[in-house]
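Number of protein chains: 2
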Amino acid sequence: MANVAKKVSWSGRDPRDDEDDRAGETTPLLNGTGPGAAGGARQVRRGWAHGDQWGSMGLNGDQWGSMGSLWVYSSLDYDNSENQLFLEEERRINHAAFRTVEIKRWVICAMIGILTGLVACFIDIVVENLAGLKYRVVKDNIDKFTEKGGLSFSLLLWAILNASVVMVGSVIVAFIEPVAAGSGIPQIKCYLNGVKIPHVVRLKTLVIKVCGVILSVVGGLAVGKEGPMIHSGAVIAAGISQGRSTSLKRDFKIFEYFRRDTEKRDFVSAGAAAGVSAAFGAPVGGVLFSLEEGASFWNQFLTWRIFFASMISTFTLNSVLSVYHGNAWDLSSPGLINFGRFDTEKMGYTIQEIPIFIFMGVVGGILGALFNALNYWLTMFRIRYIHRPCLQVIEAMLVAAVTAAVGFVMIYCSRDCQPIQGSSVAYPLQLFCADGEYNSMATAFFNTPEKSVVNLFHDPPGSYNPMTLGMFTLMYFFLACWTYGLTVSAGVFIPSLLIGAAWGRLFGISLSYLTKGSIWADPGKYALMGAAAQLGGIVRMTLSLTVIMMEATGNVTYGFPIMLVLMTAKIVGDYFVEGLYDMHIQLQSVPFLHWEAPVTSHSLTAREVMSTPVTCLRRIERVGTVVDILSDTSSNHNGFPVVESNPNTTQVAGLRGLILRSQLIVLLKHKVFVERANLSLVQRRLKLKDFRDAYPRFPPIQSIHVSQDERECMIDLSEFMNPSPYTVPQEASLPRVFKLFRALGLRHLVVVNNHNEVVGMVTRKDLARYRLGKEGLEELSLAQT
Amino acid sequence: MANVAKKVSWSGRDPRDDEDDRAGETTPLLNGTGPGAAGGARQVRRGWAHGDQWGSMGLNGDQWGSMGSLWVYSSLDYDNSENQLFLEEERRINHAAFRTVEIKRWVICAMIGILTGLVACFIDIVVENLAGLKYRVVKDNIDKFTEKGGLSFSLLLWAILNASVVMVGSVIVAFIEPVAAGSGIPQIKCYLNGVKIPHVVRLKTLVIKVCGVILSVVGGLAVGKEGPMIHSGAVIAAGISQGRSTSLKRDFKIFEYFRRDTEKRDFVSAGAAAGVSAAFGAPVGGVLFSLEEGASFWNQFLTWRIFFASMISTFTLNSVLSVYHGNAWDLSSPGLINFGRFDTEKMGYTIQEIPIFIFMGVVGGILGALFNALNYWLTMFRIRYIHRPCLQVIEAMLVAAVTAAVGFVMIYCSRDCQPIQGSSVAYPLQLFCADGEYNSMATAFFNTPEKSVVNLFHDPPGSYNPMTLGMFTLMYFFLACWTYGLTVSAGVFIPSLLIGAAWGRLFGISLSYLTKGSIWADPGKYALMGAAAQLGGIVRMTLSLTVIMMEATGNVTYGFPIMLVLMTAKIVGDYFVEGLYDMHIQLQSVPFLHWEAPVTSHSLTAREVMSTPVTCLRRIERVGTVVDILSDTSSNHNGFPVVESNPNTTQVAGLRGLILRSQLIVLLKHKVFVERANLSLVQRRLKLKDFRDAYPRFPPIQSIHVSQDERECMIDLSEFMNPSPYTVPQEASLPRVFKLFRALGLRHLVVVNNHNEVVGMVTRKDLARYRLGKEGLEELSLAQT
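Each protein sequence line maps, in turn, to chains A and B.
All residue numbers for the first sequence refer to full-length UniProt numbering, where the first residue is 1 and numbers rise by one.
All residue numbers for the second sequence refer to full-length UniProt numbering, where the first residue is 1 and numbers rise by one.
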């Protein structure tokens, strides 16, 4: 890490002057010492991981890096461009038509819920059958060789089975759709935050994701199938709401009204919520997840629709799985994982236990931070050395084989035999145990992680040997850490819960031993708290995770201690290192906007934060100028203020509106311009439909041919620009600018002076680069948007 | 209702021209046909209930009306005034100090939770004891007279007991603090929406509320004690967060940082959530209630604190009540009402039942609408004829006596005897039943409504005679309807649930009869759905109510049907008449902002919506001018744009900032001005503390003496004004203006032209007056803010 660039502290000067080559072009207004600079916030550019060589690289190293030397994320625009076309359409639509639109929204949400539920069912059923098949084959083999000797054949069989299944899973991800790797939660967090990572909501991604997660789980990796459901739900939502699929090249000509970022993002929120709901049987938790991660502006109707999608999703999953399991009307499988019922009568808690829970939260926070730190180093290593898809596949296979080997050795070495009677083990492995007994370590490895979690919660006291649990925790911790970030589709929720449940149960057993078997020291309860602590320590989710845990346990009483545990884990973990998802988002240099501007950033004003100079367009502009501006790869702006005066003579000009790159592209494509000599002629009319048809994949400017004659034509932007863009005065403080930008989900915010003349532009990147570090305000380097 | 003023439809002209006397003063810019007017939205001023004579009157008629011929609500300002003083303070505060502030916020939330929980405990315990005492006295009396004859003495005793208890409850409300009447939920909704109803968060209100609700419930009215908890929580929050009590005239000199609307409103959200949480044992429901009703901008940290307060609240209640009930560590009373456990095993539902549930939702919607319509007429009657406090007290006593009489007559006429064995009736009334049996009708009336609800949910099939249930439903419906709106503190949640549970159970019994006793037709399940349907039909809450019901039943599986029922009830009910709370809010002409602007309002622009002309101040202004402007009772503005040019010569002037009435008052009070001759002298410095000490009860301008010499002094506003107020261009459409206003919780939004010159001002009232009626866009007349 050569470029640990510590930027010198500054006071009183525009920080951009130092680095911005274009600073010389800034107008006099922009120089000098702003009042905001007086506070003298210390500004340090973080170098340790955000240097330029990785600034452009993705989680998976080369695939992303290879797409271009500098990856360009696109921002979503949650603000409607209220141009004349839009207003005319809205004014044409009467009350009844709006009701139809509203009904369509509900229908789409229902479809999102149903499809997400069905996808979850599909994953669940396929995993159950394939994993069952695998465990039976291996078990039969082990049973055979236990008698005959030569168990190394069994080990080999198990390892090869795992590795080959994982190989397939890894190949499809690495070679076909790298964005399907991992849980997808960081990507969806980014999407809901307003940053679109390429390919993230495509049908192809969904297919690879679903197949990938099945193969990862069947391949015996230390992964869960829950996290990817969130991504799956989001893709389903994005697809359905647009009424077409670009991957399939089908346009169903429905839901055309929803073809814009605002609407699409709302539906993706619903999809993510439906995914959480299907994964954990937690519809309210799903809604809160979506809101916690994405919503900036809380809208009651939207929330209600999100909730509807969530409910439908868990209900669909529940119905189908109930039918599949043969008890059609039982409705006992609300989620992919169900923690089983925690009865308050049997397993209540007392006030004295609360300090113990808080202590567990501290442990979870520390272990979570350790997990994240290890994973961080591992990810750095991967970005540097494991670029190529084939290397990534080999690594995944290696992990699969090692997981099998570790499991086997631990089972082999373990002498922890438990009576088979009364236990609910699916694949009891006798191995060297006496008849009527099974190897207890084997249950932990010879099971999907979901089942192991539930067993740890609910097996009666005495089911596990402390030694077994300790070894298992240790091994699984490192395996899970190694696994997260592999080029496979997989989630980290279940492994985290499993690690936590294991040490939590161990803790409970120790406590019971120390207190000489007090009735309240039920190991299952401590397993639950440990699971919460570990998961909280890794992902640092708070409100939504509490509710998810409450819903998954079906127990409201545990809400209070779970909340305390999660809060403690978050506080302790945050002291060391940030959450796993945030870490990976930052490794990708995504311009992620947090909830609030850093508290100490009042000393910065819009003047210092904004980008300047701004490329402006005139209301009636030469086509050639437009083409040149759009073709300028060095600036690559996406929004242009439209001004009245001549932008060539002075950068300062009265603001009249804002037009987007995508709109200009459509205008050029449809040749919406008139000859300079015939300015009185009416230029061709466009409809909103023309813009919607091009959404979201607007052609690049290079693909549009403009002849030399056409370059001399004029284009009238009045009708297409947004005549009332949001603006801030240049004296506004950063928190104020941030609040406006975040609350309204903006993409461009024009900074004006006292005469309403454009002096700068604030985009997501300008705001996202400030954050509160240990030493005060820091400035990050981010990827281009 | 004489003034059914149907305003003529307009097209193309500024709608304000017709009614605004000041229209002549508008600048040329403001006249003419705006592009927005082209759509020709039809605009009808609603006259049926919002005519002028009631526009200023409160829920309880005269008390509020008598405070002034036109009641002035004040708006809350969720936008910090970022003036120099504020910025200087924020810049002085370092990172560690911000952490201290954050910790203080958490401490306050914990205190809010604890105190709210304790208040709930107090109410619960006192009600239980007093009501128990009353029922025992009446029961003994009835038992005595059943043998001897002369039951009319018992009736008299019962009626007098009720009426006298209710009299006390009504007197304290009517004569001491009228704002404590009702559930307080409409008032808290308004507060969270940004409208402050006078006295609503004062300590005195809390005391009267708590005593009032105890007396209402003990007095046997058809009311619940749950709704008022929300108001109580809000008052507690407002009190604690300010670190002082004006009622007690104590200032603890703590939490001074939180003495502004922004922070106070956040804490009140937490308090309301804590109240819901304590009332229903629903911490998540509480958070969602607060968010659904209040939050416009979702902030993760705020939500997490609200959740914390909710959790602490239910935990406190649970602990204290458990200790009180003698099973210290049981933690089985999370709320004031607990619906008891609904076991999925015993009472599951099947997919075929879903249409039945939806039908119940329809019934609930219709009955709810009927309830609301009846209550509306009743409220109109009360506003007109029952003005005086003594009349109100008499009405309350009458209702109490009638309730007792109705109960008695129904018990007397009922011949529905049930075996006493195996039932859990608290006060079994034998009356004319055989030994070992009790009168089943008596259990319904001889109980707090909470207990009756739980009985209806959980009593085994066959406990109730259909005839009894039918009569009870009918009677209770009218009693509850009559009771809501009386001058007593009381909630409508429990009566609604009780009515719904009664007809729901009746429905379940009929269904069981029709299907010849199918196993799935459990009447308890239908009682639950009926309760949800009825409550949903009356209050029209959606997401939060679903979660509250889920948490109160401790059953996640019922979430889906409850959601369907609530949704159906809302849709059906909304078709007829709006929700009870919204109705009462509208009766008070509160400028309540809904979630979105009416969908068809794109045809209106800021130009047509704004108030104009605007009273502007110069940056350095004559004190006399300021005093005159503030003293002008006809305008009574609360915010003034500060402009550079001379506002006397032209209304159009370059915007430099915004200053609030309250700030000006403080400036005048502290004589912050210099003589005109000595403009170079530095005027007196003020600190933020001076503004905070005056918050929230700024003295009226009349109380500030300004001598004739002082009137000629000059006041420099630069340091105190907010230099970067949010602005919109005059072409912005109403939905766009609305979104900005709502998302940021503004109080004043300045409308500017292309040269950043002030042309108008949008306040809450300008936006709240548009709503979507059956015939398109309507314009309401609202009280002054």
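Hints are computed from structural coordinates only; laboratory data are not their basis.
One or more of the hints may lead you astray.
No copy labels: a pair is met if it fits in one copy or bridges any two.
[Unchecked claim] With a straight-line cut-off of 25 Å between C-alpha atoms, the simulated SDA-like cross-links for lysine to any residue are:
#1 253 - 670
#2 516 - 327
#3 104 - 599
#4 104 - 771
#5 196 - 701
#6 104 - 772
#7 134 - 244
#8 669 - 578
#9 516 - 744
#10 516 - 384
#11 516 - 670
Computed from a predicted structure; not experimentally measured.
Structure-based check of each hint:
In the homo-oligomer, the alpha carbons of residue 253 and residue 670 lie at most 25 Å apart inside one protomer (21 Å), although the nearest pairing across protomers, at 67 Å, exceeds that limit. For a Cα distance limit of 25 Å, the shortest separation of residue 516 from residue 327 across copies, 24 Å, qualifies, whereas the shortest one inside one copy, 42 Å, does not. For the identical chains of this complex, residue 104 and residue 599 are inter-copy neighbours only, at 15 Å across copies versus 42 Å inside a copy, given an alpha-carbon limit of 25 Å. Proximity of residue 104 and residue 771 under a CA criterion of 25 Å is satisfied inter-copy only: 22 Å between copies versus 41 Å inside one chain copy.
Taking CA atoms no more than 25 Å apart as the test, residue 196 paired with residue 701 passes inside one copy only; the shortest distance there is 20 Å, against 54 Å between copies. Proximity of residue 104 to residue 772 under the C-alpha cut-off of 25 Å is restricted to the inter-copy arrangement: shortest distance 20 Å between copies versus 43 Å within a copy. Within a single copy, residue 134 and residue 244 get their C-alpha atoms no closer than 38 Å, and across copies no closer than 68 Å, so neither meets the 25 Å cut-off. Taking CA atoms no more than 25 Å apart as the test, residue 669 paired with residue 578 passes in neither setting, with 46 Å inside one copy and 49 Å between copies.
Proximity of residue 516 and residue 744 under a CA criterion of 25 Å is satisfied in neither setting, with 58 Å inside one chain copy and 57 Å between copies. Proximity of residue 516 to residue 384 under the C-alpha cut-off of 25 Å is found in neither arrangement, the shortest distances being 52 Å within a copy and 73 Å between copies. For a Cα distance limit of 25 Å, the shortest separation of residue 516 from residue 670 qualifies neither inside one copy, at 82 Å, nor across copies, at 70 Å.
Of the numbered hints given earlier, the model fails hints 7, 8, 9, 10, 11; all others are met.
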